[in-house]
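**Student:** For the protein sequence lines, the chains are G, H, S, P, W and Z, in the order given.
Note that the numbering used here has the first sequence beginning at 1, numbered continuously upward.
Note that the numbering used here has the second sequence beginning at 1001, numbered continuously upward.
Note that the numbering used here has the third sequence beginning at 2001, numbered continuously upward.
Note that the numbering used here has the fourth sequence beginning at 3001, numbered continuously upward.
Note that the numbering used here has the fifth sequence beginning at 4001, numbered continuously upward.
Note that the numbering used here has the sixth sequence beginning at 5001, numbered continuously upward.
A few of these clues could be false.
To be verified - Listed below are several chain S residues computed to face chain H (Cβ distance under 8 Å; list not exhaustive): (1) G2047; (2) G2129; (3) H2184; (4) V2185.
Derived by calculation from the structure, the hints in this document are not laboratory data.
All C-beta atoms in this analysis are idealised placements derived from N, C-alpha and C, irrespective of residue type, glycine included.
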Amino acid sequence: MPDLGKYVTEVLLAYGVSIAILATLVAMSWRQSRRVRRDLEAAEARKNG
Amino acid sequence: MRQPCYRSSPVLSVQNLAVARGGATVLAGLSFDVPAGEALILRGPNGVGKTTLLRTLAGLQGAVSGHFECPADEGAYASHADAVKSALTVEENLQFWADIYGNAVPDMVWDQFDIRDLQTRIAGTLSAGQKRRLGLARLGVIKRKVLFLDEPTVSLDGFSVRLFADYLRDQHLAQGGIAIIATHVDLDLAATTLELEPFTATDHQTDTGDEAFL
Amino acid sequence: MRQPCYRSSPVLSVQNLAVARGGATVLAGLSFDVPAGEALILRGPNGVGKTTLLRTLAGLQGAVSGHFECPADEGAYASHADAVKSALTVEENLQFWADIYGNAVPDMVWDQFDIRDLQTRIAGTLSAGQKRRLGLARLGVIKRKVLFLDEPTVSLDGFSVRLFADYLRDQHLAQGGIAIIATHVDLDLAATTLELEPFTATDHQTDTGDEAFL
Amino acid sequence: MTIMSMWEYANPKRFMGWTGHVLPWAFGGAAVCLTVGLIWGFFFTPDEMRQGSTVKIIYLHVPAALMAINAWIMMLVASLIWLVRRHHVSALAAKAAAPVGVTMTLIALATGAIWGQPMWGTYWAWDPRLTSFMILFLFYLGYMALWAAIDDPDMAADLTSVLCMVGSVFALMSRYAVNFWNQGLHQGASLSLDKEKNVADVFYQPLLFAIAGFVLLFFALVLLRTRTEIRTRRLRALIRREGQ
Amino acid sequence: MIALLHRDLLLATRAGGGFGLGLVFFLIVVVLVPFGVGPETAILSRIAPGILWVAALLAALLSLDRIFALDHEDGSLSLLATAPIPLEAVAVIKAAAHWLTTGVPLAIAAPVLGVLLHLDPSAFGFVVVTLLLGTPALSVIGTFGAALTVGIRRGGLLLSLIVLPLYVPTLIFGAEAVRRGVDGQDTATPLLMLGGITAGAVALLPFATAAVLRMNLR
Amino acid sequence: MIALLHRDLLLATRAGGGFGLGLVFFLIVVVLVPFGVGPETAILSRIAPGILWVAALLAALLSLDRIFALDHEDGSLSLLATAPIPLEAVAVIKAAAHWLTTGVPLAIAAPVLGVLLHLDPSAFGFVVVTLLLGTPALSVIGTFGAALTVGIRRGGLLLSLIVLPLYVPTLIFGAEAVRRGVDGQDTATPLLMLGGITAGAVALLPFATAAVLRMNLR
Ligand code: HEM
Ligand SMILES: Nc1ncnc2c1ncn2[C@@H]1O[C@H](COP(=O)(O)OP(=O)(O)OP(=O)(O)O)[C@@H](O)[C@H]1O
Ligand SMILES: Nc1ncnc2c1ncn2[C@@H]1O[C@H](COP(=O)(O)OP(=O)(O)OP(=O)(O)O)[C@@H](O)[C@H]1O
Ligand SMILES: [Mg+2]
Ligand SMILES: [Mg+2]
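Just chain G, same shape as in the assembly (with noise of 0.2 Å):
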């Protein structure tokens, strides 16, 4: 952990918050993905089969 100085709460905040909105984006994106790729076989299955 390098010293951070009298800025501690700053810059972890920053790297804190961005990097969770980052990750919130990202899960959202991939849990939506797989949710509409499952549905979406579910769908092709009935079609086909």
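Here the structure of chain G is known, so what remains is to put chains H, S, P, W and Z with the ligands in place on it, guided by the hints.
**Tutor:** Just chains H, S, P, W and Z with the ligands, lined up with the frame of chain G:
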């Protein structure tokens, strides 16, 4: 001058009723009885006052004079508008009315009103006639004994009209219900017809709120 | 894929047309000609695609495939909605459409559509059928040769229906006009009837915007 | 040999094909670059003399700000392609990029605000650059709300495309207006070619990695989300067929 | 009754239902004010509590016409009036749905937007508390106004005109409480008044609303 | 074409047509701000130009959804689209009608309301001039937004969200010109910019509006 609806056996009885629209009396001197299990068809040219009469009987507006009795808490009104929420699905629309009236959605409505295929469709994407069928299906859900129907078959195709007539005859009336129906088409119901034109209000009956100023 | 309307003698000619609603093709393989002075009645159950077809022909939406020819600048569409402004009087409503089309309001419309008595009434106070008559009277004002009518007689009483049929037969068609009419009731016109149900789009015709994804 | 036009790749099926292969690499590259850039920046760069350790925020703030603008530009190009050539994939790519762009805007705003407290003594100032970002944020919100409000996907694509184009013009005008309205506190562009004014190399190199990471992450997310949109459309079409 | 609340919340959160848009309007007003007034921190922070309250009030106002108008247009309202639930309950539920979809989000968002206006940090708590205390009154009063204008097509602006004067006391006490809080003065009186207005409005206005609805449906 | 303008003005001035309500909304916002901000003359007069412009903008905004929505609902819009006048002309006429019923009254009323906010007397002229110069842009931009959202039921708030960012340059230059005028600074640049925005918007946006209308009617 809201007329009270007394609790009694489902019989609708109207005595010397006069109804007004936009400050002018349109119909006067109406008297009729509709016993349980019977329907009454209201006929008359456009603008004679059918909608006005139905709204009065349904308790949505007051009568000018005369009075009527109908079973308390048993009336249901179906107007030109369908009361269908475009953003909800067909099923959610019916479920809402079922909840409001404390019923469940009976399974038979899906076939009775030919909307089983549409069950999960967003109501906003229905065609005119399909939306109308959904609007009518509400009647099958809320199970009221006295129906006031204002041109219920507008936009319906022949098959759907027959389907609806069947519902009225075999389900609603057969179970002792009452229906007052304003319509211009032939519904193929064994029902009395009331021609409204003779009851058009004459000049000296034509004033309501304004009578103080005359 | 808006289809052009070529200028020619008033004849409507449709070749192998397919039309879509909400991203799904509802009717396909339609071909018909309507010569000047004739009417075509569209029939079919609710949801078959009558409204969709009329909107396509009136140029309000694009066709999926096929094409049609109709006299340029001669089409007029009358939908479920009446395009009546509640805040204007009956006369002002008609005058507006006359101005837009650069005509005068012909005196005969007042009788032809039985609205002479209503001339100075605020349109918002009309009954359902009276409003409909006003909506139809617009057709007599704008004098277009090709009419696309979507259930024009909804809410009209028997007398008004006959009056409107008379207008179509004796005025519009007699002067070489064309009318395509979607309706569930019998209009008593000498007209060809086109049953739309056989043209319902089958599976492999069913995609429009989505075809890229199949 | 036939020369394949670039539009061939925009065919949904083809698009699903090649993106399927590219996607893992894009995500992998993004992860590598972000890890290198952020760890290098966070752990192995010195403090700046005036800003102290807050300078480390630059590795998040600047890439996010860059991508926020670039995402909008990408949406503009994709909208134009849709309007001119009607390639469904480009419309869906524009739709897919908006949430990513708005997230980037949000990160730039959040890190900037957090940075502003120690540097300027306030979380927010109506500085031109900050203000234009706020306006950009509003444009993103309006754009996404319009997509969400329209049912017919092709019509939604048409309308949002026009909004994107008109909005871009007004965003530029707002930028100019805001400059006129208030001259600000914010740093000038430090990535300019003028070496003198640039940030020192120690900060510069990890920053480049972080920027590359954000670019790749943006690319990967847009691909992923576009794939989801394409699948949604196909699912819609299939369900409609079943209904018949 | 729960069904009605459930449906209204469902409709609000469906596409095009308008949930969150009140919030966005709030954001936009707060952003526009500096463009108009100029960017000076001192002035902005001085007027921040007032602007936040006025903006919240306008945001609440603009979503009022959805309360009854949609139900009126598609005929649901006539049917609800003849359904076996009292119109008073309908009025309460409608106001509750409006508060949940507008008032609560506004109160939560206010501190964030306060940052944009350089709101004094000590005021954040007061803004949230006064908004939470005051917005129920805004919803109930607004529901009454919506019921008054329900028969009028596109009555939105008329509705604003009728409702805004009714909002004045709530606004005065709400903004005053925040300003006193910032200045370290006594806030008990304005907070009490604010609570009193809300309590009174919630207890009494639904009866007026129901009465007005009955008249309008006649 | 004159017929359309005539009808729209007629509809606006008929009962329930909404003429004058924009004005009243303007009045109300201006009255509310002192309740929120507090009664100190110095602050009020300092923020008066900005508040007047923001209020005018909100008042213009709120009447936007009437521009096309009513015609869409009753089917007139489809008929206008198939009538023998170009949709571009419809767009221009609609914007003109909106300006005549909203922008002009606002510009005329602004000085009167300025008194309530202790607006500097030297600023009155500037307020009127900038509003007259800027409100046509607000109407034209708003018409575009209204065309975008015409198919969306109760799209009013969405419309605000879309239109407000587009209003930013107009607002900035308008309010800035007034403020500079009061301070005795050079007002030529902001006035020129304001005129430029209006001219550009009036010349180009109707085409976008017509295109969007066509898409929406499809
Ligand atoms: C909410 C507040 C802020 C926003 C929206 C914001 C936005 C931006 C934007 C748009 C850029 C442009 C990137 C580019 O053009 O290259 C940027 C760069 C930058 N910002 Fe901020 N900023 C904010 C606050 C701050 C603060 C408080 C600081 C530090 C005191 C800061 C320092 C920088 C630096 C050093 C750059 C890099 C300049 C460059 O390389 O171009 N920013 N910011
Ligand atoms: N927005 C939409 N999304 C999906 N499907 C739709 C949409 N609008 C209409 N449909 C469907 O398209 C079909 C054709 O509708 P259309 O309105 O043309 O029928 P119609 O023949 O006019 O029926 P009606 O006699 O009931 O008026 C119907 O099955 C309808 O359910
Ligand atoms: N607001 C009003 N002001 C004045 N007169 C009105 C108003 N509303 C309706 N009317 C008139 O009252 C009469 C009765 O209208 P009502 O709607 O009851 O007729 P209806 O029998 O239902 O006709 P339709 O068959 O056309 O639906 C009509 O002549 C109508 O013109
Ligand atoms: Mg009627
Ligand atoms: Mg139809």
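**Student:** It remains to establish, for every hint, whether it holds in the given structure.
**Tutor:** Now for the hints, and whether the structure bears them out:
1. Using the Cβ-Cβ criterion of 8 Å, the hint placing G2047/S at the interface with chain H is satisfied: the shortest such distance is roughly 4 Å.
2. Residue-level restraint check for G2129/S holds (minimum Cβ-Cβ distance to chain H is 3 Å; threshold 8 Å).
3. Checking H2184/S against chain H by beta carbon gives a least distance of about 5 Å; that is within 8 Å, so the hint holds.
4. Taken as an interface hint, V2185/S checks out: its beta carbon lies about 7 Å from the nearest beta carbon of chain H, inside 8 Å.
Consistency with the previously given hints is maintained throughout, with no hint failing.
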